[in-house]
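The residues making up each chain are set out below.
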Amino acid sequence: MAQTLRLNPIRCDGYGICAGVLPQRIRLDEWGYPLIDSSPIDEHLVARARRAVDACPVLALSLRRDRSAHGRANSGADEPRLSHRLAGQPSAIGS
Amino acid sequence: MPSSTTPFEPRVLAGPPASAGPERLIAHDLRLGRLPSPSERRNLTAVLDSSGLLGRGGAGFPVGHKWRSVAEHSTGNAVVVVNGAEGEPRSAKDGTLMGLRPHLVLDGALVAADAVGATDVVLYVGREHTEAHRGLAQALAEREPDPNVQMQLVAAPVGYVAGEATAVVHYLNEGDARPTFLDARPHERGVADRPTLVQNVESLAHAALIARFGADWYRSAGRLATRGSALITVSGPNQRRTVREIEYGTTIGEIARSAGGAPPGSTVLLGGYFGSWASLDEVQDEPLDPVSMPEHGLEFGCGVLSFLRSDACGVAATAEIMAYMAEGTAEQCGPCVFGLASMAQATRRLSSGVAKGDDVENIDRWAGQVLGRGACHHPDGAVGMVRSALAVFRDDFASHQVRRRCALNRADMT
Chain Y
19 MAQTLRLNPI
29 RCDGYGICAG
39 VLPQRIRLDE
49 WGYPLIDSSP
59 IDEHLVARAR
69 RAVDACPVLA
79 LSLRRDRSAH
89 GRANSGADEP
99 RLSHRLAGQP
109 SAIGS
Chain X
6 MPSSTTPFEP
16 RVLAGPPASA
26 GPERLIAHDL
36 RLGRLPSPSE
46 RRNLTAVLDS
56 SGLLGRGGAG
66 FPVGHKWRSV
76 AEHSTGNAVV
86 VVNGAEGEPR
96 SAKDGTLMGL
106 RPHLVLDGAL
116 VAADAVGATD
126 VVLYVGREHT
136 EAHRGLAQAL
146 AEREPDPNVQ
156 MQLVAAPVGY
166 VAGEATAVVH
176 YLNEGDARPT
186 FLDARPHERG
196 VADRPTLVQN
206 VESLAHAALI
216 ARFGADWYRS
226 AGRLATRGSA
236 LITVSGPNQR
246 RTVREIEYGT
256 TIGEIARSAG
266 GAPPGSTVLL
276 GGYFGSWASL
286 DEVQDEPLDP
296 VSMPEHGLEF
306 GCGVLSFLRS
316 DACGVAATAE
326 IMAYMAEGTA
336 EQCGPCVFGL
346 ASMAQATRRL
356 SSGVAKGDDV
366 ENIDRWAGQV
376 LGRGACHHPD
386 GAVGMVRSAL
396 AVFRDDFASH
406 QVRRRCALNR
416 ADMT
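Residue numbers (the working numbering), protein chains in the order written: chain Y, 19 to 113; chain X, 6 to 419.
Just chain Y, same shape as in the assembly:
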């Protein structure tokens, strides 16, 4: 099964090493935090993706095989991502 990259945004401290290792899938925003393409990784990039994962000093990046790799919001879980205040999904986000 294809693998995908997943970032834990709480752990990420914006070291930016991952973007240097895997520029094909990761670039940095203007604050230095990674913008990650979370679509399945092509076979020829998997080894490099693994290096990017290993290079993260705070273990914020991981490679996932399961369907939930796209992030929990799309993991098929029954529960909404949010409750209460944080729950109003602005329409601008789309779905």
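FYI, nobody ran anything at the bench for these hints, they're computed from the structure.
Some hints could be false.
Okay, the calculated beta carbon distance ranges per label pair [to be verified]:
id	chain 1	residue 1	chain 2	residue 2	range
1	X	Leu229	Y	Gly34	48 to 56 Å
2	Y	Gly50	X	Pro21	54 to 62 Å
3	Y	Gly32	X	Arg314	36 to 44 Å
Going by beta-carbon spacing under 10 Å, a handful of chain Y positions derived as facing chain X [as the list claims (entries may be wrong)]:
id	residue
4	Asn26
5	Ile28
6	Arg29
7	Asp31
8	Gly32
9	Asp47
10	Glu48
11	Tyr51
Backbone N, C-alpha and C define an ideal beta-carbon position, used for all residues, glycine too.
Assemble the complex: chain Y is given as a structure, and chain X must be docked to it using the hints.
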């Protein structure tokens, strides 16, 4: 239209006037009758499904579905968290409900505990909601302890993110009310690692009424496809904040007229700080409906309608909200922390007459960069609000940027 329909009677707020304070147990039982026994409400989750009850915390997720997902993981050890954090500054409906109808909320918690297989109920109530605390504490003292369900009142920390489901669980487990990013969701592993239902107080109050009167009764209110009633908080420059119960489908124009403080040209913030700005002239006939509003780029959210007069500065109003949202991050995720701060600073520059030449363009660009990049949806809420502001107050923003002054020469321009 409204004139030909039966006037809507409040449901969760039915009963004695607000001046009477929290309804006592004896009055509550007399007015509504006792809850059906657990054996009589065995299929309550299915009844909730057919009622179409949607969650009232803001996301509008189907309540029956949520209860089932907890029940499927429960071995009789689940936890129900009654979410009364209500951190949205423009909302007062949850605090009002807890303060005036605490027994209805407790009834809802009990039927939820029974339905999902829970032994513990935690009432997680924002510490600033003093009347809610008083009402619930009094209500708990009035009740015989339930041998099967332990109930506990907890003061939730103040703050916008403290009511987010994973933050609630995090606080109850570790005293840290910041969202988490774990594989297991609260319905799988939450408070004390047990399956946990985190449910808004208003959702539970409706569930308590549905347990008594059934799905058809619930569905007898509402004008359009979305059935039932909802609490809303109406505020604006000319009226103090009021909480009302409406049937779904009531139009925004009706609320504006009855509020009396929204002349033509006004704008309205719908859904609170996570919501969207709209021109009142354009949304007069828009039904308040959590399903149809997002199809029109609007938010029902937690039921906030906050009116802004046409002679008040939309840029200043937006700056105030953005500052709050930037202050209110959990300070965990970089894009949210830095992105919201950048957007808040640019909006503040615009509102105070010291705009840089590209502030508006930058806000728009940052909004796109921040979207979807937090562990929770805090940044997404701010982005939705600010994007709607850029559209609705387009001329205002342009005037502030280009001429570095408010088009209306408003007094709030410093």
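For each hint, the structure was consulted:
For the pair Leu229 (chain X) and Gly34 (chain Y), the supplied restraint of 48 to 56 Å holds, since their beta-carbon distance comes to about 50 Å. The hinted window of 54 to 62 Å between Gly50 (chain Y) and Pro21 (chain X) holds, with their beta carbons roughly 57 Å apart. A hinted range of 36 to 44 Å for the beta carbons of Gly32 (chain Y) and Arg314 (chain X) is consistent with their spacing of about 42 Å. For Asn26 (chain Y), the interface hint holds, the least distance from its beta-carbon to any beta-carbon of chain X being 5 Å, beneath 10 Å.
Given hint, Ile28 (chain Y) at the interface with chain X, holds; its Cβ is 5 Å from that chain's nearest Cβ, closer than 10 Å. Annotation: Arg29 (chain Y) was flagged as interfacial toward chain X, and the flag holds, the nearest CB pair being 8 Å apart, inside 10 Å. Checking Asp31 (chain Y) against chain X by beta carbon gives a least distance of about 7 Å; that is within 10 Å, so the hint holds. A distance limit of 10 Å between C-beta atoms decides the matter here; for Gly32 (chain Y) the minimum to chain X is near 5 Å, and the interface restraint holds.
With a least beta-carbon distance of about 5 Å to chain X, the hint placing Asp47 (chain Y) at the interface is held under the 10 Å criterion. The restraint placing Glu48 (chain Y) at the interface with chain X holds, with a minimum CB-CB distance near 7 Å, inside the 10 Å limit. Residue-level restraint check for Tyr51 (chain Y) holds (minimum Cβ-Cβ distance to chain X is 4 Å; threshold 10 Å).
Going down the numbered hints, you'll see the structure goes against none, and every one checks out.
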